[in-house]
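Enquirer: For reference, the chains in residue letters:
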Amino acid sequence: MKKIIVAAITLSMGTAFLSSCEDRLELEPQQSLSTSLAFVDKRAAEGSLIGVYSAVQDLEVFGAIPQSIADYQSDNVEFIGSFPTFQEIFQYTTLSDNGSISTMWRDNYSAILAANAVIKNVPGVEDAAFTAAEKAQFVAEAQFLRAIVYFQLVNNFAQPINIGTASGAGVPLVLDPFEGEVTLPARATIGEVHTQIKADLEAAAAVLPATYTGDFTRGRATRGAAQGMLARLHLYRGEYAQAATFANQVIASSTYALASNYSFYNGATSEDVFTIIMTAIDNSRTGSGGWASYYSPAEDGARGDCPLSANMIAAFQEEAGDRRFLLTKKGANGMTYTTKFPDAVNNTDNSPVMRVTEMYLTAAEALAEQNGITAASLALMNPLRVRAGLPVWTATTFASKEAYIAAILKERRKELAFEGHRRMDLLRKGLALRPAGDAQFAQSAAGQPKTILPIPQRELDLNTNLTQNQGY
Amino acid sequence: MKKARLLSILMAMFLSVGFASAQDKTVSGKVTSGNDGSALPGVSIVVKGSTQGVTTNVDGVYKISVPEKSTLIFSYVGFTPSEVAVGNRTIIDVQLAEDSQILDELVVVGYGSQEKRTTLQSVSKISSEAFETQSAITAQDLLQGRAAGVQMTGTSGVVGSRANIRIRGVASISGGGEPLFVVDGVPLNDGVYSGGQGATSLNPLQDINPNDIENISVLKDASAVAIYGSRGANGVIIITTKKGGNTPKTQINFDYYTGTMEPTNYFNMMNADEYRTFRSAYRSAQGFTSLTQPSQYAQTGYDWPSGVLQTGSQNSYALSARGGDEKTSFYINGSYLNTDAFTIGNKLDRLNGRMNLSHKINNKARVGVNYSMSFTNNDRIGSDNSTFAPLTSAYLQVPTVVPFDANGAFVNTGFIANVLAIEALNTNEFLTRRSTGNVYAEYDIIPGLTARTDFGMDAIQTEQTSRSLEIISPGGTGSKQIVQDNKWLNTTTLNYEKYIGGPGGDHFIGVLLGNSFETSNYNDITVGGSGFVSDALPNVASASEPTTTSATGTQWALLSQFSRVNYRFRDKYLLEGSLRRDGSSRFGANRRFGTFWAASAGWVLSDESFMKDISFINLLKLKASLGTAGNDRIGNFASLGLYAAGQDYNGLAGLLPSQPANLNLSWEETRQFDIGFTAALFKNRLNVDFDYYIKETTSLLLGVPIPFTTGFTSFDQNVGALENRGIDLQIGGDVVRSNKFTWNSSFNMGYLQNTVTDLPDDNQDADGNNFIAGTASQRAVQGKSLNEFYLIRYNGINSQTGDAEWLTKDGEITTTPTANDRVYVGSSIPDFTGGWNNTFSYGGFQLSALFSFVSGNFLMRDDRRFTENGGGGFNFSKDILNYWQAPGDTDAFFPRLGSPTARTFAQRSTLQLEDGSFIRLRTATLAYNFPKALLEKTKFLSKARIYVQGQNLLTFSRTELEPEANGGGNSNLNFGETFFTPPQARVLTAGVNLSF
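Residue numbers (my numbering), protein chains in the order written: chain A, 49 to 520; chain B, 4 to 999.
Because the hints were derived from the structure by calculation, they are not lab data.
Just so you know, not all the hints are guaranteed correct.
[Unchecked claim] Calculated from the model, a selection of chain B residues having no Cβ within reach of chain A, i.e. all distances over 12 angstroms: (1) Leu354; (2) Val372; (3) Met460; (4) Ser588; (5) Asp651; (6) Ser749; (7) Asp765; (8) Arg868; (9) Arg948.
[Unchecked claim] Which stretches of chain A does chain B cover? Using the computed rule of at least three CB atoms under 8 angstroms from a CB of chain B, they are: (10) 86–99; (11) 229–237.
Predicted, not measured: the structure shown is a model, and the values here were computed from it.
Ideal Cβ positions, reconstructed from N, Cα and C, are used throughout, including at glycine.
One chain only, chain B, in its complex shape (with noise of 0.2 angstroms):
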């Protein structure tokens, strides 16, 4: 209906406006490509000095009228523009010959930018023609399938959830494994600042606009890190928000679309009468002697997940303004987003604003400013380990429990929660506002040399408030959170660049030099209480009695110096050097500085004269780095000894031991070496980059377990060592470039290869691996991963007896296998990520497509110990049904049912543990771009763009629930398990994107 009415009104535009009044002289010719002669569709023709202009129709012919004595100015995207002076001429063909535009495309590097050609820094660029195609909620989104090396898993479905994002492994066991996160040069807080409920805190990055980002830059080596110091083990990840620029006209955006949400998979659990019917032949199979007959059951019913799932709705609204003169330039936007996910109850709101501003106060001097302010409210929903959680109860909910009485009003169900009514009534809303932003100023010292200082901030506030209502928590109980996280930081640079001799000289110098000093500052106030007169008070203070009043605090400071040296001769043979010393609060006096380095050194092959006869090859690139960044994700005071103060006793203040000293302990440091090359062939259509790294982790700072009767349970140390090696690949270039059809593709792939290489022997299983534990299920594990699952290997169905049978760690069958039996059957760790994106042009239409896939992983689904659990006092997963029932049974799923192992058949074995990989189309995009002849008709119109997008339409896995999915959040040592985490959405959305 919307578009239908959009629509009209530009028919009605394209009606109403008449041609322009003919003029002095009239010129006309046809444009064609320099390359294969082809004729150039959409050229763009302005007369040079006023705005003026035509572009050329799709046989590539132009007519004008100019004055006299006039230039022309012939531009097209890929082709060097061209200016033509009219003279007395009428008729002007014109060759435009393609540009070497990817060459000079500038890579956004830490404090500053370098070329293309001449970086040696491996950096992966998304470029805002990726958002276009995607309808993202997070930044954070964008980045899956489209650059390699980098792993963003989707950790759950629920709107808000964190991301787990890894840039070549993870460089961590207990540290913190997340790259840092930059946005106009100010590193963004990503602290906890909710909690779980059930899963993991909530995104801490989520208000950052997708709307407003110009493009993402991945730094993975060392040579690209290494200035990031103690922080750039991890990796970067630099956002660049749009700015403005010396245009003739300001620019109006206007993106809207609307979509659909429902989620990807879900689990098949038994219905009332089948529950009744198993249950009961269960417990009779197993000897008990109440309930053993379906009669004897609750004869209502209910279907609990559909209960709690819907077709859920997004929609976003951003309205922008980009332009500006000579001396101001300027970018501003608002948008909105509204997100009610599939899961009843779970919604988001977000507001977002931004104004990025600079300014020329003379040749010498700029300021300028980024600031950008977001509201966002979400409204949670528990999912994972919780029984508030709507997913979870759902499945696990006995389907013979019902949410309403006789009446329709809402019952308690008892321990597992009613969701139904926890969703209907309860408060449990998350706010957010925060203000990321920099003021800065520049100024020319002399030609080449700039001094800049810039002070930035990031002020977080978050607030949770949560009320549960007399249905559901006799008497009522009610809680607000209250936590601030305000950072502010000063960066000074001194940047030199220079070719000697002059433009064109054979020996060029960059100097960086810089200094900076960040702190954060955190503090929260909690306030729960219990007890209200009526469900109508929703404040804390209408509580009768205080369950929790707490407010704490705590700080970082970050302290620094750092350089970066570029020195290229005749831009073919390139040298750069960059160094960093930091000084962290997080550590002891003794250890408070560490010092970062890097070195790298690059050879344009192809500039060489030899090669300069290779035709087809445009650029080749080789290129090596070695180089050191640090991790100081610890916590901040992870080495003193400490007794935390609130440990009370009936009103008296009490202290315990929370933490053993340890005053060595210093940096996480990461050694990494990297080799590769940067392609461009066939006229710069194909474009190859090609890494191989290895990168190693020494002195991790690894909370040791030690055994419980030290009183503690772990011991920060800096032990052990782990290495990611592997390979990035990223190839892309247009398949076909004719005139009416272009096929872009580009593929990109990460393979990794984790390996912990050294930990404390002084924890050992029983073969003598040195391990650290993870979960119940995996560990970390010496000469193997960081994620490994150690389990006892289920061994299916006897179809004689009708047993589950395991296998012995010797392998021999078992109907009772204990922990001993467990061995190492594989890790959660993908051997291969990455993407293929295509996109197909014909016209104003415009078909992408992307895929993303992992391969080589296990996960671990934790929640079938649950459904499968056939003696557990929840619902079951209809996949017991099948049950062994005579001997030669074959494809029985669960024993027999008065089977013992009838009852241990759920524990904890590889029966849980599925193959991880897929393959997902991750967007599909349909676009139409109307063409610019018809919207120039309108006068105002400069780009109208509609189209539809589907997101996760397709999933290719071996296992039948959702694959992607990571209950461990942003753990390290938890990471590819599963515990009814609510699955990816798969979303159907229609939008417009509209330029005046």
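The shape of chain A in the complex, shown without the other chains (with noise of 0.2 angstroms):
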């Protein structure tokens, strides 16, 4: 009898003891929260759309990637890097399962489905904190993410309108955050695309403020913003007349001016209008990778992928005295890079999204658009070239509309070069990517199936309703 109580003791003392730990099975992650939490007031919400930034800092949404794979394709760089995934971009032998390429499109949706998380769930978030007004900027802020990302993506996996017209194919639209149902979206039009992008930036133009506080004026999303990538909207669409209104509302805000001298990169100074921020501890992948890690020599610890082609030098070199030249140097290679990006080590240098530069170029290219060689267009074009140490142009300069519109083109060049803007300058004007001679001239012309992306293959194969790009 003993002897069962002494093992009814063990058993019943073992499960007293078990019951106790069942609260222990309740455990919560530590670094993460639940998505209830996420929007759950002021805080939660503005770490969401923090978050939001995060992912468009990416390396490979605006952290250089997608930046130097539209270069790989154009004729400024030349790529003598190793990776066979940025080799076959070069060599226009891209295939659909290119894996760069579908990170690339991975982490472009990836930032758009937080943003869109942000524009659904913010209004409703339940804080006596949060003002109307502040929900509202967020969701601005979130909708020019959201509009500058699928641009991106038009841009680089469809072709552009003046070819492709508004009825070719563009990419899927998503609009709303992922709440656990599938959906498999077609491919919308590049006109709907377009529309999408342009209501987004009208919507967060009429909200956002001009200004932040400290460097966040240039880091986040601003109404020069959004009024300036309506200028780059309307000038890739062909409507002059709009790219050189919002152009110009962009010089004209007092939040902006040309810089004297070329000392401005990563300095998030007045010459930026919206530059994504990167420090040492916070950038596009932290420790692995940024600008300077494709753009840099490698005796810089950088990969070393991409100087300059010969065809860039040249045109550096057409002008005696061109000081944007000087903002390259050798690299022990005897191959010559550019300096925008000088830091392979932290990867601190920011990614130059949109600088006042661009509003000049694209107001005065829009202005002789539509009026030919005018003092207007003349006066937005000369600050430029006295600034890179060139002869101010003349109203005889130029014997031709066209002629004049070309040197703007080859100043846009070189003045934005590696800044992610070289191939959509050249195929919305229906020009070849590579100058003639080079072996790949033919394949690069405006139009050709390898001048654009492949829709990668994993997502051909999950979603059914997508279409491949022709050629691939």
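Since each chain sits alone in its own frame, please combine them into the complex, following the hints.
Expert: Okay, here's the thing in structure tokens:
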């Protein structure tokens, strides 16, 4: 009897001990919040908005990869790196299973979906300290970010509208956050994507503040940034009147001013309209990549993938004394590299999404397209010529409107080199991405299949409603 | 030199010891085998109650001086000991009966042990004899080729790399596929504690000291693993460490070995001249205008692979003591291992200590402790997909690049890093401190009923220190990461075993009841920085710019009740049932508990009267089992919808969606049916174990890939099913068993057929097959295997045009294949795996050889996409020097240099897919055991063994490169692919085992 009691006690002690443990199965993650807590109050909502900036900062979004890929396709750089996925883009042999392109697609949509969540959830946040104006601003910031990411996607994965037309295949438009139901969206048309981008930017421009405190005036979405992006959209669409109007709105803003020299890079100065700020501890991919990884020479701790092409060097040397050519240096391998992104160790080089110089160029070009060589247009170009140490242009410098516009495009190339513009500036004008004589000249003609990227094979496999671009 | 000295010491001892003085009476005689009458040499003869004894000579003859009225005990391995009263005899001849030792052998099972004769569980046991013939660095190495149904793939030749162990195939797709490791009742933590550095993380179990292991048991079928519930589906590996015992004399063991290590094979890359010639010819043929003459290249050269390879070394020292008395027994061991691998910069130093102690308080109560401590210092290297990896970069580095400048100082070689400088200058050190053990108390409540409670722990702390100097990383970078994973658990059991009606009764009943709670708490701290004033400052604190400051934590807990019931009638008809209920923090509140069960039955046919006359059958047991087990390796918070913190921007804190919610997520369940037999034949000389199994896993926890347009990559769901079906066969025995010569041979083989039986249909290929993408080359496909290669078929070089050609999906020849031309071409899962071990003994000599084999699998060499990419910016394999030159070239490997296909030749295709089958002489050992007679005269040596050993000496395979490599580590969906994965080492060692 006594022994049975001992046995009973042993087991019951064990059971008592264990039942006290059952609570210990209730564990919560320590580095994450459940979705319901992500929009629980103003602080959380702001965190969720900042997360969208963080997603946009990503290496594959505005952190250098899409921008450098566009450079490999066009004529500013030579690709001398080793990565097969980049090499095939440079050689115009890109296949639809290209891993870098797949990652780029993924991370761009990931940023879009994070923005969608802010746009949808912020208006409903119940927090007395969260004013309606603040909510509207958060939503507008997310709309701006969503717009610039969609703009990047449609530019890279669809033909430019001047070739593909508004009814051509764009990219899937997803405007709601993911809440568990997998949808298989088809590609919206280029026109529909542009309409969405325009709607988001216009809504954002109406609400966004002109400035923030500190460098966030350059690093967060502002009214000026939204206007500037509208200028770019209309320029790409060949809608020159609107392009000029929006560009002039930015130029007229007291928040922005043309820098007097080229020391503004990575500075978040009044030259910058929208720049994504990178710090040593928080950049496009902490510890493993950024703009300098690709654009700086290897001895600086970079990959040294993309030195200036011979064609780019020739463009800089076309007019003696161009100060913008001073923003380059010789690498140990004898190639010439840009110095716009010097920090390959900590990757603190900001991502130059938009600076006011672009607005001068856009306005000048848009005016020229409408009215030919005019004083108003020349007045926008000459400050840039002076800053570059080059002679000013006059009404007699150019024989024709076409020559003038071609010259503006050359200036645009040299001003904005390696900042993510060149490919679209060629394509929107129907020009080949590579110069005549280049081995890929024919394949790089505007409208050719490999001037745009393939829809990732993985996406086609998973989403039967998607169609592949021609030639992949 | 060392061995020579040792021998001379032994000889001196032998000479200095005289004969024992004669006593009252001398007895002599001959000992023979009751089996065949042959003389038995080396039989131990001890005077009962004393330590006085002798052994028989090679003719089985002995002579001993004994007191009056004494009794002699004759004992010999494999025979039943015999006690003989001397009486007044002076000549005593003895016949020893062979015992049925094999049948009384104990098998370790979950929470206990069972007799091999009556157990119903499918358990493969690897005993310490196996370890004697293999100087393994880690315990997992010992699993290779020794147990049927266990596939252990060395993932890489990097010291400290993670092994891939699969028991009866992979029972999961997205969840972990590794078995549970249990050491003396403590399930080990086996998480990811280190960065991959281009490959997978380091082996979390490298601290287990092979010297300490008494045996390893591999639990395979449902009846064996159901008692481990939610963690049993991948099989369980139980490691039992050495214990002391009631011995008259404390046994001291000293084990030492030393050896060399070399790579089994390596890539054959171009030298600088070949590179310049090939590269310029290629560029001019392709229409480039620059770098078209060899003279336009740097005229320097360096053999990078030779620069990073070396002859490595291994040294291991172990000193242990085991013994005890009636009340207390102990085993203590201290050991030190140091390894310098065949790649520069890769070393491992390990210190282990263990103390196992048990004490009888009285007739009913016992307490004990098993405790081990280890300290491991791993000097790491990157490998596989890293430009900081010595072997990868040595192969890829353009051979005209030299590591030194004119003054002999290191230079920065750019993106493909100067790996010589990295290994000479940088710090890349991984320390592990681990304490594992348990304390327990047992009490016999009534005869047959024992209560036991056991507190166990497994505390790991790892420390990764990295520092990259100015020449490699301008400004210098540094980082430190400390990870701690601390587990504790309590297990309380009641165990009752009784033959009703006393020993020998007809009915046997065994009941095990238990409960346990287990929890583990993981924390890490990482700091990184850049910008050092001087290379002489080693610590991150000296960095001017912090680049990483992170501290995270996570934990899990498991609460379980379990039971096992055995019933046997006359030890002939056997029944067993087990049950376990697990509650896990890893699942949502609604699905927190799961129940797992197994039932099995057996019949010892050889005990039936109608079998008694068949004298060559000593044991024939039929058995069958059915049951379930689960897999909880899905991450700690897989069911929750999450926003991850730390997604910051310019100093503001941010959150980003990181995981979609699935509140219905629950266990992955494996149902396994097993039928088999165990036989011992011809006086137990031949043993056969045969099992046929069907293992079906349902409710697979799948990170189902979803379109990126959802913002996520995958969505965890319980969908899909897969099946592993196969045969485990183990045959062993003494082929020759005579006086002087024995040949023991054991063969094991696992046949496995893995089929994915169900996948969600929202993810289909062009032909409507459901699949889950693994890598760019392989995928899990419904109706096919988990690791099915999906590739464009390469068709060779057209001897007329010099173009490389592939096949379209329809089998048409093309020079421009696309992703749509991919087809299923084979699997990386072998059909057959196994091993064949032979041990030959002649006198004191012993030769053993273990072959392991793998057959019927493919291996994808992703690295060849780089080494054979003529347009690439790296060095090239010598193979592509064999390019097409003129029409009629039928054996060209590489296309015409000017062909457009020269640029696409290295695209992913079956060109890089190779037959992965191989047979490898895993270990071969020649040992000599000094005769007992000789040793006895030393008065203190009781065993002396010297040996030489080779590991991976011979390999037979269809591939020229390393067949045994797996760059994907322990991933289920990335198996059988390599990317410059360092090969296994060829090891030559010499060693000595001494017992005092």
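Enquirer: Against this structure, judge whether each hint is valid.
Expert: Hints versus structure:
In this structure B:Leu354 is separated from chain A by more than 12 angstroms, as the shortest Cβ-Cβ distance comes to about 32 angstroms. Every beta carbon of chain A lies more than 12 angstroms from that of B:Val372, the smallest distance being close to 20 angstroms; the non-interface claim holds. Separation of B:Met460 from chain A is adequate, the least Cβ-Cβ distance of about 16 angstroms exceeding the 12 angstroms criterion. The claim that B:Ser588 lies off the interface is violated: its Cβ sits roughly 4 angstroms from the closest Cβ of chain A, which falls inside the 12 angstroms cut-off.
The Cβ of B:Asp651 sits about 5 angstroms from the closest Cβ of chain A, inside the 12 angstroms cut-off, so the non-interface label is violated. For B:Ser749, the shortest C-beta to C-beta distance to chain A comes to about 42 angstroms, beyond the 12 angstroms cut-off, and the non-interface label holds. Non-interface status of B:Asp765 relative to chain A is broken: a Cβ of that chain comes within 12 angstroms, the nearest being about 7 angstroms off. A Cβ of chain A approaches the Cβ of B:Arg868 within 12 angstroms, the least distance being about 7 angstroms, so the stated non-interface status is violated.
Every CB of chain A lies more than 12 angstroms from the CB of B:Arg948, the least distance being 46 angstroms, so the non-interface label holds. By the rule of at least three residues with a Cβ nearer than 8 angstroms to a Cβ of chain B, the coverage given for the segment 86–99 of chain A holds, with 8 such residues. Only residues whose beta carbon comes within less than 8 angstroms of a beta carbon in chain B count, and the segment 229–237 of chain A has 4; three or more means the coverage holds.
Violation of the numbered hints given earlier is confined to hints 4, 5, 7 and 8; the remaining hints are satisfied by the structure.
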